[in-house]
Structures are given as structure tokens and as C-alpha cells.
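Enquirer: All chains should be built: construct the whole structure from the sequences, respecting the hints.
So the sequence lines, in the order shown, correspond to chains F and H. Under our numbering, think of the first position of the first sequence as 8, with each following residue one higher. Under our numbering, think of the first position of the second sequence as 4, with each following residue one higher.
Read the hints as simulated data drawn from the structure, not as lab findings. Backbone N, C-alpha and C fix where the C-beta goes; we use that ideal spot for every residue, glycine too. Just to be clear, a hint being listed does not mean it is correct.
Stated by the list, open to error - From the derived model, a few chain F residues whose C-beta atoms are all more than 12 Å from chain H:
#, residue
1, Val42
2, Tyr65
3, Pro343
Unchecked claim - Going by beta-carbon spacing under 7 Å, a handful of chain H positions derived as facing chain F:
#, residue
4, Ala40
5, Glu156
6, Gly192
7, Arg220
8, Val229
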Amino acid sequence: MVRYLETFFRYRLLLLAPVALILLVSGAVIVAQPVVYTASTRLWVDKPVLGPDDSNPYISPAAQQASSLQELTYTRYFTVRVARRGPLAGYLASQPVAPRGLSWFKSKLLGRDTSARRPSPEEVDGMAYDIVSKNVAVYAVGPQIVQIDFLYGDARVASGTAQAVVDQFLDETLTSRKARSQVVSDFYAGQVKSAQDALAAADQAVNQYLAAHPELRAPNAVPDARLVQLQRADQQARDSVSSLQSKVDSAKLDHAALSAPGASGMRLLDPAGVPAQPGVSIRLAVQALGAGLGLGVLVLVLGLLALTLADRTVRRPEEVEHALGLRLAGWVPYLPPRAP
Amino acid sequence: MMAVTPRRIEVEGIDSRKPVPAQLSVPEAVLSACRAASLHIGTPNLTNLGITSTLRGEGRTTIAVAMAAVHRADFGRSVVLVDLDLEGPTLARRLGAGPVPGLCEVVRGECALADVIQTVGDGVRFIPAGVASGSIARTVTEAGKLDLVSRIEREAGIVIADLPPLLGSTSGRSAAALFGDLLLVVRAGVTPVARAKEATANLPVEPSVLLNGTESRLPRWVKRIVGA
Numbered sequence: 008m009v010r011y012l013e014t015f016f017r018y019r020l021l022l023l024a025p026v027a028l029i030l031l032v033s034g035a036v037i038v039a040q041p042v043v044y045t046a047s048t049r050l051w052v053d054k055p056v057l058g059p060d061d062s063n064p065y066i067s068p069a070a071q072q073a074s075s076l077q078e079l080t081y082t083r084y085f086t087v088r089v090a091r092r093g094p095l096a097g098y099l100a101s102q103p104v105a106p107r108g109l110s111w112f113k114s115k116l117l118g119r120d121t122s123a124r125r126p127s128p129e130e131v132d133g134m135a136y137d138i139v140s141k142n143v144a145v146y147a148v149g150p151q152i153v154q155i156d157f158l159y160g161d162a163r164v165a166s167g168t169a170q171a172v173v174d175q176f177l178d179e180t181l182t183s184r185k186a187r188s189q190v191v192s193d194f195y196a197g198q199v200k201s202a203q204d205a206l207a208a209a210d211q212a213v214n215q216y217l218a219a220h221p222e223l224r225a226p227n228a229v230p231d232a233r234l235v236q237l238q239r240a241d242q243q244a245r246d247s248v249s250s251l252q253s254k255v256d257s258a259k260l261d262h263a264a265l266s267a268p269g270a271s272g273m274r275l276l277d278p279a280g281v282p283a284q285p286g287v288s289i290r291l292a293v294q295a296l297g298a299g300l301g302l303g304v305l306v307l308v309l310g311l312l313a314l315t316l317a318d319r320t321v322r323r324p325e326e327v328e329h330a331l332g333l334r335l336a337g338w339v340p341y342l343p344p345r346a347p
Numbered sequence: 004m005m006a007v008t009p010r011r012i013e014v015e016g017i018d019s020r021k022p023v024p025a026q027l028s029v030p031e032a033v034l035s036a037c038r039a040a041s042l043h044i045g046t047p048n049l050t051n052l053g054i055t056s057t058l059r060g061e062g063r064t065t066i067a068v069a070m071a072a073v074h075r076a077d078f079g080r081s082v083v084l085v086d087l088d089l090e091g092p093t094l095a096r097r098l099g100a101g102p103v104p105g106l107c108e109v110v111r112g113e114c115a116l117a118d119v120i121q122t123v124g125d126g127v128r129f130i131p132a133g134v135a136s137g138s139i140a141r142t143v144t145e146a147g148k149l150d151l152v153s154r155i156e157r158e159a160g161i162v163i164a165d166l167p168p169l170l171g172s173t174s175g176r177s178a179a180a181l182f183g184d185l186l187l188v189v190r191a192g193v194t195p196v197a198r199a200k201e202a203t204a205n206l207p208v209e210p211s212v213l214l215n216g217t218e219s220r221l222p223r224w225v226k227r228i229v230g231a
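Expert: As C-alpha cells, then:
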């Protein structure tokens, strides 16, 4: 341990220089990044009031919705719709792109044109997916407020896309709930039909029995056991139809209610404005500095190990007996050379 | 740093606390270290001491001079300093003494031993290397055959010799074999351990080590934490 510390303090400039250099490079990378604008919007999230409340009671509504939205931003389906809904797709389609890096090399090698050209719709979708999935940050700022940030180099595109993310999310939520409500309604409608068939059969069985036994139609006639059984079955079928019909009505009501404004359980508090000032991407800065620091520490540790292990000399009196196997008589401290 | 307070050594028949001759001036830190090393090796019984090293430039000559100064000034012994580094003698110039005649001339029979001994200070005498002709290794072997070290011992309380390095010369090992006690000067942070081990392997006498130029770069606060 002391040996390593000695090595560190002996070569501290040599060991710390690469760390400082790497951190400087990280700083330069951050500074050299193109400017980015951050557009933000905020949503208010209510607990679901329509339909079954199948939400997790231990997670706030905002955290639940933030998690859902963040998940959606990793899908091509959602990101492409966001890009087309907002200005991003149009902006990307209008920017000529030239092959870079490996694509450029491949094009050169194959003798293809390497000049800038407008991207195809598929390429725009691909770029939109990359941009939206990487540049959207969703987080809950409170139990019921979700914030959505979108970073982009163009302020208007940043603002429009942030708004498109929110709008698309609200639409997706509503569509999903409507679909679920429709499924419920359709299911109960099918059940009602079956129940109505059963009721008709039960009615018919009672009528047939009465036709066969007309004495039982008299007002003061005492019904026999068979008739009582048939009448009970008929009543049960009628109750079942009635119960299922009320469920169908409820599902239809829910479905109709989802068309009303604010039915998604969320409402927009702060629409995305056009950001005035560009800023540095905090995520990029943290990543660059973290990577720089990590690499610097690695270089420092490796350098320290290399210098210590490569030092095959005796530096401290305590090392003499162990290293040389000889008795130590004494030691003379280092004396700086005298000036001539 | 070796913090040894100079002590007055009382040895029978020895007059201690003499002034250090001007020719033997070395920094106090070196003298302190040599005092401690002398006590460690066993000063009262010491009659001859060869100062050697693994390679050249490890501070052998300075330590030899410091040892002479300590033995004279602290222990009051009559000292004869011998330059046995026949390949690169530097002690004469260091002491401001004449380089010839010296040991080589005695070995060749050109001079008597008494003729080559020079006085460089009160109680300190010096025998230069002289001018070697022919094989240096052979000259050293001849010196052994002539029992020169014992003969010099009769002239003084202690013989301190600046020996050639063990690996950097042809006569290092044979010169070291002439002495009953050896002090190996090891330059801290310079002498490779493997070379030092190679140099000291199979020596007739196991040398004691004087680590020269130790320096801790640890700041005080770090030393406090690690207890170094």
C-alpha cells in the first residue's frame, strides 16, 4: 500500500496528467456539441374515474403514466407517429443528408454517389425513431404531474415535437381505453343474446306445460312441482338477461363517455413553448464527464500499477531485508545536489 | 531519515571526540547514518571495513570518507583510508592527496608500505591506489597474497577501504574478499534488486547494507494516515 502511495506521490504529475487531459477532452467534447433546445410540457394525471381501476396502488398515477409514455417512446410505431404529427418528419425530410463514416467509405468503394440528397420516407422514419427515442425524457415531478422534455437543435421543431409527444400519448391512451370499453361492451352483448335465447326457451317450456295441463291455468289452481320448477327456471333466465343488459348499458355509457373532453384522465397543464435559450444537454455532459473520469481513473490505476511493478529497486529501509536478504545497517536520506 | 544522536563512545584505549579533519567533510546527515551503521556493524571489534557497492555511482566513496570521519571523530580511532578501486580511483582527488605512489606500487615492490601512506588529517592517513599496470584483478590478488590489509591494520586502529563495485569492475569480488566486514552501499530507487542479489551472491562475507538516498514523497498527512 505504502509502495503504491509512494509511487503515486513520486510520479503524481505523470499520473495525473492523463486524467486531466482526458477530462479536458471530455469538456471539449461537451463544448463542441451543437446547441440544443429543450422544450417541456407538463401533464396532470388523475386516477382513472371510468372503467375498472386496475392501477398499482403503490405507484403514483404520474409515475405510472410516465413509465408508460417512456416505454412508448422506445417503439417505432409511436415515434414515427409523433414525428408525423409534429414538425420533426417534415424538418428531417427537408434536410439533405450525405453518407458519413462507414456508409461514406462503402459508397466510395462501390463507386456510388456520396453527395448530399434528401432522405427517403423510410430513412426519415428511421431518423425520427432514433431522435425521439433518445431525446425524449419523461419523468414524474410530483404524484400527479408528468413532465416531458424533448431536446433538439431547432427550437421550433423541439417545441412542436414535445407537443406532438403529449398529443399522441393522450390519443393512444384514449384509443386504448375505447378499445377496451368496446371489447367489454361486445362481450356482454354476446352474453345478453345467449341469455335471451335461454329465456325464450324457458318461456316456451312453461307455455308447453300449461298447454298440456290446462287445469293449472285456473286462478285458484295449485301448481304442481314440475310447473314450479319450470317457472323458477324461467325467472332465473329473466334475471340473468336483466343483469347482463345492465352491464351492456354500463359499458356503452363508458364508451360514450370516453368521447368527452378530458376522458383520458390526463390534461395538459403547460403546453410546449418555443425555447428561447439553447443549453447543454445535461445527460450528454454527465455521460461525457463520467466516461472521462472513469477512463482517467482507469489510466491512473493502470499507470500506478505499471510504475510500481516495474520498479525493481529498493526505496525504503523496510524493504531491504525482504528484497535483498541482507542486514540493514542504516540509511542516508536523499540530499539534494549542492549548487556549484 | 535516520535520527541518531551522535554518542560519545567509550572504548578502552580509544580517545573519543576528535575534530573531523577538514579533508573528510561530509554532510551531517551522512555522518549520522554512518554513526548508526558503525554501531550496527560493531565498531569496537571492527579492524577493517570494505565499502563496496553493486554498480558505480552509488555513493561508495562518500560513505568511505564519512566512515573514516566517524571512526576518527566519534570513536577516536586512528584510521587508514585505502583506495582499492584501482580501475577508477577518486579518493585521492577527493581528499586532496597525491595519487601516487600507492597500493599498486607496493604490490609491484617498487615502494615500501610506509612510503605510500599519506597523512590527510589528525589521526587519518590515506593510501592511494597508485598506477596499475597490467591486470588489475591480478594486482588485487597479489595484494591479498601479500596480506596487505593485515599489514595496514598494524599501522592503525581501523582500515577503511573504498572498494571497486562488485559488478562494475573486474576486481570487485576479489577486493571484497580481502575484508572481514563489508558494507554494501545501495542507492535507493536506482540499484536493481536483481543486480544487488547477483553481486552479493557467494561473497565470503555477508555484507551489511547502507541504503543511500532514501526519500519519502508522502506528504505528512498521508504518513499520519498510513502510519508510515
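Enquirer: Confirm or reject each hint.
Expert: Against the structure, the hints:
1. The beta carbon of valine 42(F) is kept farther than 12 Å from every beta carbon of chain H, the shortest such distance being approximately 44 Å.
2. Every C-beta of chain H lies more than 12 Å from that of tyrosine 65(F), the closest at about 46 Å, which supports listing it as non-interface.
3. Taking the minimum C-beta to C-beta distance to chain H, about 10 Å, the non-interface status of proline 343(F) is violated against the 12 Å cut.
4. At about 4 Å, the closest approach between the beta carbon of alanine 40(H) and any beta carbon in chain F falls short of 7 Å, and the interface hint on this residue holds.
5. For the restraint placing glutamate 156(H) at the interface with chain F, the shortest Cβ-Cβ distance is roughly 21 Å, beyond the 7 Å limit, so the hint is violated.
6. Because the smallest distance between the Cβ of glycine 192(H) and any Cβ of chain F comes to about 5 Å, under 7 Å, the interface hint for this residue holds.
7. Taking 7 Å as the C-beta contact cut-off toward chain F, the hint placing arginine 220(H) at the interface holds, the least distance being around 4 Å.
8. With 7 Å as the threshold, the beta carbon of valine 229(H) comes within range of chain F, its nearest partner Cβ sitting at about 6 Å, so the hint holds.
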